[in-house]
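Protein sequences, first through last, are from chains A and B.
Residues in the first sequence are numbered from 0 upward in steps of one, following numbering that gives the first Met the number 0.
Residues in the second sequence are numbered from 0 upward in steps of one, following numbering that gives the first Met the number 0.
Hints in this document: simulated from the structure, not taken from any laboratory.
Since we're looking at a predicted model, the values are computed, not measured.
Just so you know, even glycine gets a beta-carbon here, dropped at the ideal spot from N, CA and C.
Treat the hints with care, since some could be wrong.
Derived coverage of chain A by chain B (criterion: at least 3 residues anywhere in the stretch with Cβ under 8 Å from a Cβ of chain B; other residues may be distant) [said to hold, decoys possible]: (1) 1-9; (2) 80-91.
Just some of the chain A residues that point at chain B, by a computed CB distance under 10 Å [claimed, not checked]: (3) I98; (4) S100; (5) L101; (6) W103; (7) R118; (8) S196; (9) R219.
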Amino acid sequence: MQLEELQQQWQRLDQKLDLSLAMQNELVKQVVMQPAQQRINRLAIWPAIDVAFSLGVLLLCGSFLGNNWQDTRLMIPAEVVMIGALALLISSVVQLNRIVSLDWTSPVAEIQKSLEQLRAIRIQQFSWVILLSPLVGFCALIVGLYWVLNWLSEGRVHILDKLDPWWVIGNYVFGLVFLPLGYYLARVLARRCQHQSWWQAVLDGISGMSLKRATIEVERWSSLGSRG
Amino acid sequence: MNREKAGDPKCSCRSTWVVGQTFLSGRHKQECLCRLMTSEGLLSSMSQTTSEHDLFLSLMESHQRMLFKVCWVYGANQRDDLMQEIIVRLWGAFGRYDRNRKFSTWMYRVSLNVAIDFRRRQQRWGRGAGLFDEAGAEAVATSAEEATKMQQLRELHDLLEAQSDADRALLLLYLEGNSYQEIGDVLGITETNVGTRLNRLKKSMRDAVS
Chain A
0 MQLEELQQQW
10 QRLDQKLDLS
20 LAMQNELVKQ
30 VVMQPAQQRI
40 NRLAIWPAID
50 VAFSLGVLLL
60 CGSFLGNNWQ
70 DTRLMIPAEV
80 VMIGALALLI
90 SSVVQLNRIV
100 SLDWTSPVAE
110 IQKSLEQLRA
120 IRIQQFSWVI
130 LLSPLVGFCA
140 LIVGLYWVLN
150 WLSEGRVHIL
160 DKLDPWWVIG
170 NYVFGLVFLP
180 LGYYLARVLA
190 RRCQHQSWWQ
200 AVLDGISGMS
210 LKRATIEVER
220 WSSLGSRG
Chain B
0 MNREKAGDPK
10 CSCRSTWVVG
20 QTFLSGRHKQ
30 ECLCRLMTSE
40 GLLSSMSQTT
50 SEHDLFLSLM
60 ESHQRMLFKV
70 CWVYGANQRD
80 DLMQEIIVRL
90 WGAFGRYDRN
100 RKFSTWMYRV
110 SLNVAIDFRR
120 RQQRWGRGAG
130 LFDEAGAEAV
140 ATSAEEATKM
150 QQLRELHDLL
160 EAQSDADRAL
170 LLLYLEGNSY
180 QEIGDVLGIT
190 ETNVGTRLNR
200 LKKSMRDAVS
């Protein structure tokens, strides 16, 4: 098929539009007159929630570390949580910065490249959040339980005295082992869940397949403007 | 409201119309508006006299086919959602629209940017946007000729579906009859690049047929 033939077929589409166009006009009026009812993908929502969450965690952890800086057994989990929150904060701020600078009226190649770069950062963040969740989650549990028990018993009960040290060490080890193990499992399972789109998307995100695709798209859009 | 005479020499009816709201009706209204409401004409005649709302609504009315086609190519079975998203973005960015520049270029940029992003989001979560939307094309095959046309539209849709996001945008702009310079402006690539990519597309289509 030639492009000229396609053009003729394309013009036929015009003849079929009239009814749809009336509906479209109504939609335009609704959007302009009722901005509160707009449904749109707001890119900044999740990074903004992440910033608020990580700032909250950083404040709590900072205060916790300040009060318990002499207790080395508590320093490790609190610092792990703090580092995790700091990394989440940095990643979210980078995303917000990119979103704010997005101008949808810019040329397509430029905006699509920025969107794919943004997507790549998100995928990386998602992957790290999942892979680190057993380790950081356990550390947060220790810190949280210590804080609750300390408050309820007025400082008489220490959570780490009540827990089996081997169980605690086992959880730390599992958290560390889960990093490569989770990555490997995600890769294996992603191939088996090809008909379950939601799981496929999650597993692709963890295993780096989505990141690979996003990187290819970034390169594709970057090269679009440079090839002659 | 301001009354103005239709001053377009190409328009034979010279009907009276109210800015932002026409007294014309039916098919004649469509044709007349298409002639009268070129973006540049509208902008020069309306920007001083009407609110942003009216100007935006009128520009959307005069460019609605363009918008519909972007949604037809990228939205398919989620066309209404895509349409709404594009209109919201267009309206949000309208305040920053430089009125010395061509409206269609600005509109294409926003629409295609939103549409490509929308499509990728749909694909990522397995909600493929690749089905031919018969309802969108108002497909009522009442005769053999109509059925043939519908089949051709389906083929056209399938052919566009087979292209990458960038090539699909390029084809859409080409099929709409834009010049290489306009296509380059929308996509952010050089005219030479537009020509090269179109030639490559022609060749791949020829190879596919042979």
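Do the hints match the structure? See the list:
1. 1-9: holds (count 6)
2. 80-91: Result for this restraint: violated, n = 0.
3. I98: Because about 12 Å separates A:I98 from the closest Cβ in chain B, which is outside the 10 Å limit, the hint is violated.
4. S100: Violated. Min distance 14 Å.
5. L101: OK, holds: A:L101 within 10 Å of chain B, min 9 Å.
6. W103: A:W103 check passes; min Cβ-Cβ to chain B is 5 Å, inside 10 Å.
7. R118: Check passed: Cβ of A:R118 comes within 8 Å of chain B, closer than 10 Å.
8. S196: holds, 2 Å
9. R219: holds, 7 Å
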